[in-house]
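For the protein sequence lines, the chains are S and B, in the order given. Just so you know, we're using the numbering used here here: the first sequence kicks off at 319 and counts up by one. Just so you know, we're using the numbering used here here: the second sequence kicks off at 794 and counts up by one.
By construction, these hints were calculated from the structure, which means they are not laboratory data. The C-beta atom is built at its ideal place from N, Cα and C for all residues, glycine as well. Don't take each hint at face value.
[As the list claims (entries may be wrong)] Derived DEER-like restraints, expressed as beta-carbon distance ranges:
id, chain 1, residue 1, chain 2, residue 2, range
1, S, Gly418, B, Asp910, 55 to 63 Å
2, S, Thr882, B, Lys984, 45 to 53 Å
3, B, Thr1088, S, Leu1034, 38 to 46 Å
4, S, Ser478, B, Asp923, 34 to 42 Å
5, B, Ser1047, S, Asn560, 28 to 36 Å
[To be verified] Taking lysine-lysine pairs in the DSS-like style, the calculated list, with each CA pair at most 30 Å apart, reads:
id, chain 1, residue 1, chain 2, residue 2
6, S, Lys987, B, Lys1141
7, S, Lys993, B, Lys1154
8, S, Lys477, B, Lys1141
What follows is the residue order along each chain.
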Amino acid sequence: MNKHQHLSGPRAVAMAGIARLLCAMALLLTPCAIWAATHTLALTAEILPNGQYGYKRGDGQAVIPGPTLFVRQGDTIQVTVTNNTDKPAGFRVPGLATHGATQAPPHGGTLSYSLTAGKTGAYPYYGEGQELLGLFGAIVVDRPDGKAERFVDGDGALKSVDVQQLDKQYVLFMVGSTFWGSEISRSGTETPLWTNPILGAVKDDVVRFHILSLGPGHTFHLHAHRWLEPGTNSIIDTRLMNDVADSHTFTVKAGTGVGAGSWQYHCHLFSHMEAGMHGNFRVDAPSGQGDQAGLSIAGASPYGAIFPNSSTEPGLVTFVISDEPGSWFRSARGDALIGAIPGTEGRRISTRSLEVIPPGSSVNFIMADTRTVHTMTSLIWPSEADDPAKETGHAHPDGKKPRSRGHLASMPFDQSRAYKGGGIVKLTTPGLYVFTCKVHPYMFGAVIVDDPATDGLDLGEAIDLATGITDLPTSSDLATRLLRTFFIATSPGNWQNYQPPTPWTLTYPSVPVRITGGAVADLSDVLVARYGNHQVLTAPVPPATPGVGEVWVNTQFEKTAGKTKPGTITAIDTANWSIIRKISLPQINMNNPHNMWTNRDQSVVYQTQWFDNKLTLINRSNGALIRNIQVGEAPAHVMTRPDTDDITVTNNGEDGISFIPAGGTEVSKMIPTQKPGQLAANPHGHWISADGTRVVTPNIFTNDVGFYDLDSEAVLERTPTGTVPGAHPIAIAMMPDSSKYYAANLLHHSVSVVDGDGTLLKTINLIADYNPIDGTIVDRDGNGEATAGMLPIQLPVSPDGRAVVVATMTPSIIVIDTKTDTVAKMLPCDPGCHGANFGAKKGGGYYAYVTSKFSNELIVVDVDPNNDGNISDARIAGRVSLVGNGGTPVDDPVSGLPGYGGQGVLGIPNVYNSWVKHLPDSWKSQLTAEQRNPGP
Amino acid sequence: MKSKYLHATGDIGHARHASPMRQSRHSMLKPVIVLLLSVGMLLGVPAESIGSDTAASGKGESLQPLVKAKTDGRKEVIRADDKKTISTPAATAKSQPAQQSAGSRHIIEMAGEETEDGLLAYRMVSHRIDGVDVTSRYSPQATIPGPTIVLTEGDKVRLTIRNAVNTRPEQQISVHVHGVHYTILSDGTLKIINRVEDEGAHPQHGTGGRFYTYLWDVAPGTAGTWPYHDHNFETHNGSEDRGLFGTVIVNPASGAVAASNGSSASSVSIQDIRKDYVLYLADDAFWGMEIDSATKRQTPLGVNPALTAGGGEYVRFHLIAMGTYLNRFRLEGYRWLEPGTTQLIQAKNIGPLENHAFTIKALNSASYVNENFSRRLMGMRGSFNVTHGTP
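Turn these sequences into a full structure, and let the hints steer you where they fit.
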């Protein structure tokens, strides 16, 4: 364990103490400040072995939290900060007056700051912009008289204590969903305790806690102890730590009135508890523990065992949760694994979302680069890792593996509500772990827990999936297909580029992996052998027949120069399939635009920002920003009521649907998607009944389809989808007469068919023809077609009610015949096939516009080319590039990932039944009679 | 009484029958207590019953469960009316030093149940105070929030939890309380946290003990409003978010609290408080409970309730947050005291499991609201209706 002397101030501290005493005796009648001490603090920001940052003082070790400085009220602190990290990092101490430099020291540069300790208390100092990555520490300003906070004794008496009499002090930073701690001994030695430490004390020790927080807020709770809210006589045992920055210092007498014990401390935000935000305050009996009594135990640290660093201490790798395309779980050490894995010297590892640790080390998540809520959820884990008997030696009474919320075992890791913060989880079983966000289910981070004693990186014998699949061999086609999906999603270099058409060359980590049966193979060789490489792509050729109006595409990953967040809208003229304009809205830093709808007269486009909390109103005719409205976290889809033109937005990160009256400028209410107290539903892609009275939602977190009355806000029905938990319904479609609804079950690879009253009619298995072990796709369900629709997402019903077009990540486009509710056809799609919606075809019929996240073209499907009602001739009518050229009108120049990220797509005019009937005549006149009146 | 003796020595009795090995691991127990417990064990007396008061034990307490450790470490449930396990109060009382205390002794049994909306809730099964049965104060149904346990500094509580969620035989329900004193065996947590014992109750056909008993010492310095909640169901975090939460009100031994008249503060006798309102700020609704001071009857008020008071009456609000959101509470038009100060405030930030209690004189009708952006839009607000004149 590393130790260093705590910053006990200048040599002249004794004299200053005398001066303070005199000052106190003089009752502040004299200008005491002249006796105040001046402290110097030379900090250097360094990169730690796991890619996080930490401050060191002088030649000490860089640590998290950074060195603690103790001063007294009235003192002056001269700080110099040298930045040896790769990022700018300012220096801020909220609450203390700061003079001198205001800007961030550049890489390798040093700047000086001067602080005045005007008020008592603990103050976080931090490197602005990088504080959530570890650049923080505490300055403790003590009272001039040397008194610490009073403590509550076992008999209720409030006792005074001098700082000098404290047995020890703890500093605990609450950052993300992780505690970062250190301990300061009576003699002033500070010892780093890293993450979620066990804080040791002997009963009746008088100890002082300095709780500090940065970023999203918390509540701090310590079991069986009580203390004073500073400045009051109020006795508390739980304390709010407000958003952004907060601190709270208190003193307790360990175990007073309650005795020895292992008392938990934790954040009391429920999702943070589920995310692992807890530790123990171990109060030892005064005797019987030998010299171990009162010793603290450090938690996992950036200096511990992480691949390839060997250490006897547990290590910590950290994923930064980000809005950045492909880097949603970005290892803090990025691609530093390159070269570390034998045989990868000089190669590209192609993903920044993969980490390798030995058993017993931990994974830390920090939502440091995102503007909305997420979950840190297990998607894949080694089959043995959810067995508490194997994980903890704590045998389950009935011998069965519990499958709910990770009883005692660390897997599966999940939180019941999306939140801001982070997470931390210790992984003990070798094998492959993939984490995702339930709100944004293509955010992936993978961890290989590798037993150093075995050959190859351990993918393990078998994996369990959040979808209910258990004991799937890691050698199976489904396992390697999911791995391939991971390496495509997390590496923009592996995305398909059609402008110009470039052979699709995939790069995988070329590393030996150990799979089922202990076989060792090269991961890249396996994936290339199974799925090929260097596929030749052809230039997109648009449909011969024009559409009607425009099609707007959320090119959600396209980056522009004037904003930090990704995403543009690409508007296409269907008369000639040219790009009308790109809209990126740099003035509001539009963030991951995901889904759109229009108002009744098609003059305003409503745009959700899925990694934010805003609905944006855009002038359709010129692409100008009209208004940015806060709606709720992670707004996913937007639709209007056809009868009133009121706006509904699903808050994918929360538990309701935001409602904005037509023409309104703010949300008037949020319609709950569950009854009070029930688990949050977190709806994604909803649909509204043709009469406008009902909204139907796919409830991702609760695996059901919800039916709600828009007027009374009543919960009418909740229809579970999937026979086992984990279906993850993500989008809803509706027959023109509202007689049937279709729900895409992303993780069950199926479509649920539900009638208007919520009765489940049928579940269409989209992978009936697929063998997950050998990967063959043959006609196993006997419908004459060999099809596979893995990971289905959007699935609109054609406005005439003939077909359901399902975008799936096989990738494929599955066409379902609504007469029989069977799969009629499979068409090819691009990687990350995602969005689909219908628009009118010129002269009659409809086009389904299909987008793909990891390519930069739009696929146009004609579901019934001859318009005879038989959809067996459904075909791809053409493909349209989403990449602009020098002449494309833009509001901000495109700077990266051109045309990528296709998700929400919208045909304008809106030709779905009910909505089409309210179109202005200028639009109606461009439609055929059938198109104007497609349904009842 | 033993518990008083324990309090006088700075510790309180623990909730479970302790094995000699466990005693040695938990040497915070004073030797004399270890001796008492050992004597109890030799006689086959569960630890809890050593401290039972005469009235309670004398009536046999047919629902009083006791848990005894067997030599193989597994639990066995014994009903207290099994004569073999009953100690004679006189015999145990004689062996303990006499100690004066003004506090009352509460014998409480609660059950954790499922509600029709798929939530979980606590139900009061039995509550005796110094032998007097006060169970009729409570709703006969399981409620959210759970029963409000009103105590006074100096009281002692022995609370037994029973698990009636029979659909989940492998899951424990526990009671983890804030604020009051208890030893590690009454922490209401899983062994993975407390390193000693799984401190919860399994259902009737479950795999472990059906009951668990907690001892609380409502010591001086614990006055205030505190939550209790499950800590064991499904995970070591428990299922407080599913409805397993309730309130402990510890009135100060002084019998008075500070109150606001709107513009000034004064001291008000607890007896002059007409009503107590418990309002839990859960993630999507306020869950209310009202306690009539005269009758002590508790009325569950459901979600976002309309609170009623008579003009000029003193009423006390007990706010506790629960869940994942941070909240900001406002009672429009009112100002009240920041706890432990003389400062008047008109809004309060409350994070999960924080408590905030205040007493005001009801003057005008008003609305209360959670000002968190999305929680307000979800309908987290209600009315405070103040009526004037003689009804």
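Outcome of the hint check:
1. S:Gly418 - B:Asp910: 55 to 63 Å: 59 Å, holds
2. S:Thr882 - B:Lys984: 45 to 53 Å: 47 Å Cβ-Cβ, so the 45 to 53 Å window holds.
3. B:Thr1088 - S:Leu1034: 38 to 46 Å: Since the Cβ atoms of Thr1088 (chain B) and Leu1034 (chain S) sit about 40 Å apart, the hinted range of 38 to 46 Å holds.
4. S:Ser478 - B:Asp923: 34 to 42 Å: 37 Å, holds
5. B:Ser1047 - S:Asn560: 28 to 36 Å: 32 Å, holds
6. S:Lys987 - B:Lys1141: Answer holds: Lys987 (chain S) to Lys1141 (chain B) is near 23 Å, not above 30 Å.
7. S:Lys993 - B:Lys1154: Violated, because 34 Å separates the two Cα atoms, which is more than 30 Å.
8. S:Lys477 - B:Lys1141: OK: Lys477 (chain S) and Lys1141 (chain B) at ~28 Å, within 30 Å.
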